[in-house]
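Student: So the protein lines, in turn, are chains G and Y.
Here my numbering is used: the first residue of the first sequence is 1, the next is one more, and so on.
Here my numbering is used: the first residue of the second sequence is 1, the next is one more, and so on.
Source of the hints: derived by calculation from the structure; they are not laboratory data.
Keep in mind it's a predicted model, so treat the numbers as computed, not measured.
Heads up, some of the hints might be wrong.
Said to hold, decoys possible - So the derived list for chain G, only partly shown, Cβ under 7 Å to chain Y, looks like this:
(1) 56
(2) 57
(3) 63
(4) 64
(5) 67
(6) 95
(7) 96
(8) 234
Stated by the list, open to error - If you want a taste of the chain Y side facing chain G, the calculated C-beta under 7 Å gives, among others:
(9) 108
(10) 112
(11) 119
(12) 122
(13) 160
(14) 203
(15) 204
Don't be surprised by glycine CBs; every beta carbon is placed ideally from N, CA and C.
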Amino acid sequence: MEKLYARDLYGQTLLELGKKDPRVVVLDADLSGSTRTAIFGKEFPERFFNVGVAEQNLMATAAGLSSCGKIVFASTFAMFATARPLDQIRNTVCYNNCNVKIVATHGGITVGEDGASHQAIEDVGFLRPIPNIRIIVPCDAWEARAAVLAAYETEGPFYIRLGRSKARTVTQKPPFELGKGQTIEDGRDVALVACGIMVNEALQARDVLKEQGISAAVINMPTIKPVDEDLIVRMAERFGKIVVCEEHQVIGGLYSAVCEVLARTRPVRVAAVAVDNKFGQSGNPEELMKHYGLTPGGIADKAVNLCRQTSGN
Amino acid sequence: MEKIRFLKNNANQMRRLIVEMLAKAGSGHPGGSLSATEILACLFFEVMRHDPKNPGWEDRDRFHLSKGHCCPALYAALALNGYFPKEELMHLRCLGAKLQGHPDRRTPGVSMASGSLGKGLSVALGMALAGKMDKKDYRVYCVMGDGEIQEGNIWEAAMAAAHFKTDNLCGILDYNRFQIDGRTEDIMNLEPVVNKWESFGWHVIECDGHNIELLIEAFHQAKGIQQKPTLIVAHTVKGKGVSFMEHVVDFHGRAPTTKEQEIAFKELEDIERDESQL
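Please model the entire structure based on the sequences and the hints provided.
Tutor: Structure, rendered in structure tokens:
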């Protein structure tokens, strides 16, 4: 199956948008080669600003540009795009409802060898409580492209989290719709709700579960905010149990979002496949995924346990 | 001379409104509002190109109050310009009011909120870059507090503004030498402040921040500076115009009582009378 860098498609999509719309402006903080915003910068130097290693200035300058009618994309690594300039994002970008699209790369634990200091696994949790912002964690490069286009077309602040490594293409042209989840594979016994690269892991977990006689549905949930409440409630009603899979801390991300919806609508058992309140460490992406249980086997185990726990009910 | 008299008169009116709205609200920041009064009077009644009937005018000069807590001065300037009726000032800080405790876009004439310190120069930089990109001749004015420039984000923006040669950007430092906890030199020394900004690549002009003629001259000079941003270091007095507030750190963030308002009004009337007799 095809594997692509989501950030490659991000760079190309920016270039396309730049050609079509002179309002598109791109900012980066000394990582333009890695984030691929340099592709835009080379073609449109007058609309590209590298602010150096200064993420607070990155976000607040983006806000100022947007107040003059620009559609601003601001990029750096997920770790530096969220924690460092959180006040600039909260009080300047979001409070003013600025048309600023934060597209961060190198999100998640699969940033790998650089270790814990560079592994953004709290980023969604930092941003999720802030009003006005929309948060998308695409499952592959094509969905990343669709998310960037949706952000361009939709007024207001966005956070789009991309990974460092190549992502396996889950569907060639996913029908991405802002704020909607999609059932990729249907099932009878349990729902696996996932975002980002964990969608692919969930699809493989489905095969593992099938061998054990369990039929799992796989739901891709790229928009973490606003999350698709209707779909989550429908899944809870249908299956009575859900496993949420994300490359993020168990606190603050998709698992929290799903539980918040169900706690006030249709309380059911929800298990998490996520980083369990720990910092990461160096290692290659595959080793890290295994070490922290973010694997098809890890998902299958959680699903089996959940099915056992709820079968007596 | 007529122009100077007009600006002084507006500054005096602003001071009365600042004291009055803060006494009514019962909380807020008089010290830094009164120190920035002449700066804002010059900008809003003389220097800036703007249209109160069309606050979002694309070609307007931009104003951003980075030291957002001093919004009473901004609100007074906006009201006297006709952005909204003066009565709104008496609802400052009330639930549902157009005039929030710190600047907010619901106020006509405020295009970007502020309040959390240190970010405004970056916002102004973004506006200046947009102006350059669009080949517009508007200028961007950003008023900063002295305590505020202890924030790291200010220096990120200072470095970037010089790097991008935004000569359409003019920062104004309201250098009243006090912050909430005390004197800036005791809390976190800013000196040598002029050298700092010059070494960051800015053109720096120092002047008495309460002297209308000198301020106008400084703004005029800034317009002629090319290839670099300008910072006006305005030497000011915290609480200026009200004797018991001047240089008193307590009035950084305490509103006057009704009684104090009465005394302040008397003093301000005396100043007006003296000036009108000149």
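Student: Was the hint right that residue 112 (chain Y) lines chain G, CB cutoff 7 Å?
Tutor: Nearest chain G Cβ about 5 Å off; hint holds.
Student: Measuring from the C-beta of residue 160 (chain Y) to each C-beta in chain G, is the shortest one below 7 Å?
Tutor: holds, 5 Å
Student: Verify the interface restraint on residue 203 (chain Y): the C-beta must sit less than 7 Å from at least one C-beta of chain G.
Tutor: violated, 20 Å
Student: Tell me if the interface restraint on residue 56 (chain G) is satisfied: Cβ within less than 7 Å of some Cβ in chain Y.
Tutor: holds, 4 Å
Student: Measuring from the C-beta of residue 95 (chain G) to each C-beta in chain Y, is the shortest one below 7 Å?
Tutor: holds, 5 Å
Student: Would the stated hint for residue 96 (chain G) survive a check requiring a Cβ distance to chain Y of less than 7 Å?
Tutor: Interface hint status for residue 96 (chain G): holds (5 Å vs cutoff 7 Å).
Student: Any CB of chain G closer than 7 Å to the CB of residue 108 (chain Y)?
Tutor: violated, 15 Å
Student: Does the CB of residue 67 (chain G) sit less than 7 Å away from some CB of chain Y?
Tutor: holds, 5 Å
Student: Does the nearest C-beta of chain G fall within a distance shorter than 7 Å of the C-beta of residue 119 (chain Y)?
Tutor: Holds, because the Cβ-Cβ distance from residue 119 (chain Y) to chain G comes to roughly 4 Å (cut-off 7 Å).
Student: Classify the hint on residue 234 (chain G) as holds or violated, based on whether any CB of chain Y lies nearer than 7 Å to its CB.
Tutor: Status violated, d = 38 Å.
Student: Under 7 Å is the threshold here; is the Cβ of residue 122 (chain Y) close enough to any Cβ of chain G for the hint to stand?
Tutor: holds, 3 Å
Student: Measuring from the C-beta of residue 204 (chain Y) to each C-beta in chain G, is the shortest one below 7 Å?
Tutor: violated, 20 Å
Of the hints listed earlier, those the structure fails to meet are numbers 8, 9, 14 and 15, in rising order.
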